[in-house]
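Enquirer: Protein chains in written order, with our numbering: chain A, 488 to 1203; chain B, 488 to 1203.
In short, the hints are calculated from the structure, not lab data.
Since we're looking at a predicted model, the values are computed, not measured.
One or more of the hints may lead you astray.
It does not matter which identical chain is meant; a pair holds if it fits inside one copy or across any two.
As the list claims (entries may be wrong) - Using 27 Å as the maximum straight-line C-alpha spacing, the simulated BS3-like pairs for lysine-lysine come out as follows:
| no. | residue 1 | residue 2 |
| --- | --- | --- |
| 1 | Lys1102 | Lys1146 |
| 2 | Lys798 | Lys906 |
| 3 | Lys523 | Lys886 |
| 4 | Lys886 | Lys526 |
| 5 | Lys516 | Lys886 |
Protein chains: 2
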Amino acid sequence: MDDSREKPLQALLDPKSIAIVGASDNPEKIGGRPIKYLKQFGYGGKIYPINPNRAEIQNIAAYSRLEDLPEVPEAAIIALPGDGAVEAVRQCAESGVRAAVVMSSGFGETNDIEAKNKEKHMVETARRHGMRLIGPNSMGLANFANGAILNFTTMFQEATPEDGPIGIISQSGAMSVVPYGLLRQRGIGVRYIHATGNDADVTTLELASAVAGDPDLKVLLLYLEGIPDPEHLLATARIAAGRNLPIIALKSGRTPAGQRAARSHTGALANEDRVVDAFLERCGIWRAQEVQDLVRAVELHLKGWRPSGRKLVAISNSGAICVLTADAASLAGVPLATFSEDTREELGRILPSFATTSNPVDITAALLSNSSLLGQILPVIAGDPAADAFLIGIPVAGKGYDVPAFARDTAAFARETGKPLVCAIPQPGVAVHFKEYGLSVYPTEGEAFAALNQYLSHVERMSQAYPRLLGDHAVQTPVRRHGEKVDRGKERLLNEAESLTLGARFGIPSIPFRVCRSADQAVEAFSGLGGPVAVKGCSSDIAHKSELGIVHLGISSEEALRQAYSDIEGRIAAADSRFDGVIVARMFKGQCELMIGAHIDPTFGPIVMVGDGGKYVEALPDTQILLLPFAEEDVRLALSRLRIAPLFDGVRDEPPLDKEAFVEAVMAVGRMMSDPESRVLSADFNPVIVGPSGGGCAAVDALIILSEPPTGADKK
Amino acid sequence: MDDSREKPLQALLDPKSIAIVGASDNPEKIGGRPIKYLKQFGYGGKIYPINPNRAEIQNIAAYSRLEDLPEVPEAAIIALPGDGAVEAVRQCAESGVRAAVVMSSGFGETNDIEAKNKEKHMVETARRHGMRLIGPNSMGLANFANGAILNFTTMFQEATPEDGPIGIISQSGAMSVVPYGLLRQRGIGVRYIHATGNDADVTTLELASAVAGDPDLKVLLLYLEGIPDPEHLLATARIAAGRNLPIIALKSGRTPAGQRAARSHTGALANEDRVVDAFLERCGIWRAQEVQDLVRAVELHLKGWRPSGRKLVAISNSGAICVLTADAASLAGVPLATFSEDTREELGRILPSFATTSNPVDITAALLSNSSLLGQILPVIAGDPAADAFLIGIPVAGKGYDVPAFARDTAAFARETGKPLVCAIPQPGVAVHFKEYGLSVYPTEGEAFAALNQYLSHVERMSQAYPRLLGDHAVQTPVRRHGEKVDRGKERLLNEAESLTLGARFGIPSIPFRVCRSADQAVEAFSGLGGPVAVKGCSSDIAHKSELGIVHLGISSEEALRQAYSDIEGRIAAADSRFDGVIVARMFKGQCELMIGAHIDPTFGPIVMVGDGGKYVEALPDTQILLLPFAEEDVRLALSRLRIAPLFDGVRDEPPLDKEAFVEAVMAVGRMMSDPESRVLSADFNPVIVGPSGGGCAAVDALIILSEPPTGADKK
């Protein structure tokens, strides 16, 4: 990242002076509320309201024009509509303002060409003068570390702000303050609440990368409608990796309907959702499905736990909570810890005979007659090293129970173990005692488990991704370089023989074959290859051969071969397609048909796909995505996530598949896609027949599309 | 159901008199709290505390012994531990008490044989005298219509009770009062809170069937750890169907870990979870996954809406809420309604140019400057018939907004449309205005959508299941009849030929085949059948032929046939298995390998399974369950839910499959399983090869296990 471009963002996060263009004396107007907030939340720099009609605005000296200010302000808020905003951007840029927040709507997010052009114009003007721009259509930025609140949200008067270890960077105004409000309801302080709007210049993710380095930040939350700039996401993730900062992202526009809505909201362009998933995973970022996922586990990340596994112990005074938690854990793939015999015996000495001393531990309603039971068993459980995390469910308590003791004993247990712990307590009056000790309380065991599981899974994801992000084998940056070289207007379809040959150059194994231009050649090839052969028409005009009936398998006599040859030649001629000859190929006896695909994502660059192969690839998809660059272990992980994964180990009387041969073939496709000289736009090796262990694998069909080199413009 | 057994339950729901055996003067003890509640919540009948040491209990005249009472009480609470409870049950039963609630723990839910026997003894004693028993290990029953609170939960002092249209019947005490507490937090009144415990005599479901007829009940909630008595579930569902009462059930013990926990909680035996799913669907009951699912949609069921579809309209002042709702709807398969051109034009006249006038409707932050926008657009949207349901999201409001007007306008809109509507409002201070109008408010659009979707899906499920439950073709009752006839100790494995022949008797098509006891017979069969044949060893000792290498396909010469014959004979001999001959069968040229399975579930009776067939049936399962009796439309629905469903319509160059032939074969398996004379314990037709449309289908392998008829004891 270039320094001169990054610094101006500091002018937004920690400005020495702020001009408000379109300042209002009314603190409930867009041009008035930021001034009110700057005063209210202790901003220490200079505030310059600009309004041609007033000498004072909210008791601060106002100026008619930007030129009248005693100094060039570092930052500006622009709260004028339409052309007024465009003009204000020009004046700010020309006078040397380093960064401006444009709050006005009605630009790039509309369907109006003129309005869109105005936005373009604003950005061009700003860039010409080295000024950075947030928005337009931005609710603004807020930094409660220094009171720099360049933000017109009403939410800071609804939920009292408090500086804290959380940053929220959102393209949407509402989605910046909704998680803010939910976190404040849980008593958690939030430092940054930044809503960027149309992202015409500075994007959500660029701003995120500027914030991620703040050493006080403990969790970073993102709301995104589009990811046009994965390089900023990667930069943010690298900074986060360097300080083990968890990032949770809610990326909407998952579906075509959501993408349409996003286009008219922030003008965001659609991303392929599975690629977003893969990219976020590679970056160690947890993907939230909805707002509650964004905030649910935040407080768990603040505890400073260092979980080393996922084995759960559940404890409750209700057997039903034990059953429900065991179900939830099993369904989520979270194992239940097994206590030692000693632990069970000791628990048995404390609990009544009808209680359960294995995990989950059911204290039973006996807790009502003897409130000390919880406090007695917790130290025993703390002494057993089997557990990695705990869920304590108290669905019923209150009068008749010693609730303060429950809370105190649980807090002591949490301190003693230092391990992740969540509580499930539906009664607000009971929960309050636990919250006083800083314990994390959720209303039901379902919600408590979901938060714990998200936390543990996220930590696991970070521990896998972060060391790698800091090493050499990270995701490609900039990921689009290869894609950008490509002129999508000029594509060239390779025929099967050319495709297999190109693949072979990179090490993708294929069956031995010959391209024959006459029946005699075909017969010669047949005797050379030996055994039954496959005979297939070859034409760069034809993508789907089997529909055209130009594939003949298991040909084992010269007579059948000649007949197949002439039949294929005739059909290709009848289809008015180019005849590139007939492929005569050895039949490969394998055990399973897989596929390897590859294409260039317009945003994320080259992508490789692996999965179940054959003719049902589209009808019954079972594929996994690999981002470049990838290692063999990534391929194995991807294969383990396929529905057909059990087949690799062999099923019933089948031997295991030659997985390693297939992994090598996938690596070869990765090399082909990461080599810009290969000019491959997309590749489809399907099927790749995989033999039993040691039997290798071979692509028996392939279809590659190349980009034509720009004619005579290669060196430009 | 037999009348004399049903009536005693009325003695629990509306008892004229109640004895409390083990009554305590301390209202915080198990034997004291019910007395306190009976007095507090206006019970109008007689209360008879029984305690040999006191003349008065909680200011009510007490009696030493049951015999001393001036009358035989209708109901009794038994709050004595261990043998005291057993003795009290005896006394109550002998003196003519009609029903008793045993609160004491430490019986069938323990691992102790003696304790289990005491429970058995209590039940036997009660049954001998016609007394019904709730529990043991029961928290008790509560009926707030008449104040009959035979319950020791502390929750009625934590969350103030109010009679209302909800019934909660739960095996677990905690799971009866947790949903109670959550509903009370949302201001919803609850009539019944019944916790049955060990279900040694009266089960949760029998009690549910006794309650479901209450005409004031609008929603029935169930928590179950086991379903030993589907006939009571069915009876409850039939009553519900008769009055369109929604039932939501949380059935835990979904996983082996959950089932283990359930066994030590209520002694519940495991059910096969997929069969439970299918049975609940057939009964029109919504299955909750966790406690929040149990309560989330309850208030929506109370509105009296009559939704006729699922097309959603979303409206928000935040574009992000629009995007997130569109995503959530798409992912749940809920379509977004399309407005008419007129509606869009009218919305365009009201809203600013940068707003969105298609669905979802984005009012934008312009609502902050003009609070009347919501009130203006709602009547326009109400006038468009496209919508079936609405979600209104106000993520940000408060000061600066006319929140009371938003609430009033939304309420008017809800009245005018009469269609389902949910609100997503995270700010408690804003939400309260909407709640005052009786609108259903959830904190986030995710939660609001989840509630709405659950409600709409449940109503759809009811509309499919309920008419059928009232008709002739309901689920079998009693479902276990066929299973009960079966002596599982005596099973007989039929060989392939016998299995196919038995199947054919019921109309299950198979390939033409002959069983040959000599190579010469095989050659004769070969020429009779014509074309290449399959040659397979036949042995009632061998379930998996291919592992043994006794399947030879595509045999097309006499020489090969003879060799196959002797090879098979040799291998069966080497495996020391019974030789039932060799099957010579015509090769069936089909397009797809499916399977039909059947077995007898110990609880739910005969079950038929359909799905993807072939050798990967267990490794890559893709099956659906059919409960008996089923109709052709049930089979088609089950097939449409398979992963491989797209194959039925033909993929790429393939013609559609002969689905109807396969449906007929499945119907035939259903007939076989519902015919008790067939004595089939399990059947496995795999693969059933299905040809292209019109090409029929044929089972090419089969394995049936029969029960042997009880020797000489058939008529007992």
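Enquirer: Against this structure, judge whether each hint is valid.
Expert: Here's how the hints hold up against the structure:
no.: 1; hint: Lys1102 to Lys1146; in the structure: both (21 Å within a copy, 20 Å between copies)
no.: 2; hint: Lys798 to Lys906; in the structure: within (11 Å within a copy, 46 Å between copies)
no.: 3; hint: Lys523 to Lys886; in the structure: between (47 Å within a copy, 14 Å between copies)
no.: 4; hint: Lys886 to Lys526; in the structure: between (47 Å within a copy, 18 Å between copies)
no.: 5; hint: Lys516 to Lys886; in the structure: between (50 Å within a copy, 11 Å between copies)
Hint compliance for this structure: every hint is met.
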